[in-house]
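Given these sequences and hints, build the entire structure.
Chains as they are written, first to last, in numbering that gives the first Met the number 0: chain A, 0 to 118; chain B, 0 to 176.
Incorrect hints may have been included.
Claimed, not checked - Here are some chain A residues the structure puts well away from chain B; computed CB gaps all over 10 Å: (1) Glu55; (2) Thr60; (3) Ser85; (4) Thr91; (5) Gly92; (6) Pro99.
Unchecked claim - Which residues of chain A face chain B? A few of them, derived with a C-beta cut under 8 Å, are: (7) Ala3; (8) Val7; (9) Trp23.
No lab work stands behind these hints, which were simulated from the structure alone. We put the CB at the ideal spot given by N, CA and C, even for glycine.
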Amino acid sequence: MTRADYIVVIFAFIMLPYLYMKYWQAPVQGETAQILIGTDKKMEVSLDTDRQFSVEGPLGTSLIEVHEGKVRFVDSPCRGKQCVHSGWLQQTGDFAACLPNHISVAILGHDHVYDAINF
Amino acid sequence: MNPDTKQINLTFDTTREDYRIAWLTALAISIHIIESALPSPLPGVKPGLANVITIVVLLMYGWPTAAWVAMLRVTVGSLIIGTFLTPTFVLSLSGAIATIMALGIGSRLPGRGLGPIGYCLVASMAHMATQFIVAYTLFIPHDGLFKLLPVLMTASVVFGIVSGLIVNAMMSRLRVE
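Structure representation (structure tokens):
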């Protein structure tokens, strides 16, 4: 191995951790939750303060909770409770919806982890 | 015979260098084709053993011969496999051009310059980085691709060092004979 060889090898082994740190960093923490009611009503909730609040949809009242930067559906007047089973939403781009009650919750932030999600 | 028609002379002179390039290219193409039949755990990752020949040629006969062998190997190899002018070929060609350029810079370094491992590592990293950039700009312009970059570069470093060791072993035997 020549001196230039060592320089190339050292460069490679410095570059790799840098790439892992740059492109595999922890997902971005969300900052606000956007709640959509029906097709027209929209509200934004900060995730800084813990609280519970209810949202009125066509079917009844959905209960949403914000706790330590996370948000979830506590209860909703729908049959399947898909929204409740979605659990806590934390990262930018996370999304839960109660379709029967026309309510959806999405986390917003500067960087989106996903462009779109398709089920 | 009509005096207007001249007989066309179809023979052309070949040099020792031409034969050498042809032989070495044939060797590289064989490895290229055998390797293309091997399954890959990850799209875009393969050992790049055909490049071992490129580096050996570079060390024994110099950069121009190595450049010929690499370019001919990619072109003829794609014709045989059936990927000529497909995205695979575009990636392969851009990788080969990057490799040749990196080796060209490497072989003009002052002092003792690079050895087999340095050449192979430079070649495989240039190859992978260029293919990634080409794939991102031409074929998959999605930011999600960058999640693959660390893995792909790790593979290129590992296989670069492995082929460097192979070149080392080959060179020590070639010098003995």
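Problem - Least C-beta distance from Thr60/A to chain B larger than 10 Å - result: Non-interface label stands for Thr60/A: nearest chain B Cβ at 38 Å, farther than 10 Å.
Problem - 10 Å Cβ clearance of Thr91/A from chain B - result: 13 Å, holds
Practice task
Against chain B, run the beta carbon of Ala3/A and see if the smallest gap drops under 8 Å.
Solution key: Since chain B brings a Cβ to about 5 Å from Ala3/A, closer than 8 Å, the hint holds.
Practice task
Test the statement that Ser85/A is away from the interface with chain B: the closest C-beta pair must be farther apart than 10 Å.
Solution key: Since the minimum Cβ distance to chain B is about 23 Å, Ser85/A lies beyond 10 Å and the statement holds.
Practice task
Could you check that no beta carbon of chain B comes within 10 Å of the beta carbon of Gly92/A?
Solution key: 12 Å, holds
Practice task
Closer than 8 Å between Cβ atoms is the bar; does Trp23/A clear it against chain B? Give me holds or violated.
Solution key: 6 Å, holds
Practice task
Decide, holds or violated, for the assertion that all CB atoms of chain B are farther than 10 Å from the CB of Glu55/A.
Solution key: Holds: least Cβ distance 38 Å, greater than 10 Å.
Problem - Outside-interface status for Pro99/A - nearest CB in chain B farther than 10 Å - result: 32 Å, holds
Exercise for the section: Could you check if Val7/A really has its C-beta closer than 8 Å to a C-beta on chain B? Expected result: Hint on Val7/A: holds, closest Cβ of chain B at ~4 Å, below 8 Å.
In summary, this structure violates none of the numbered hints.
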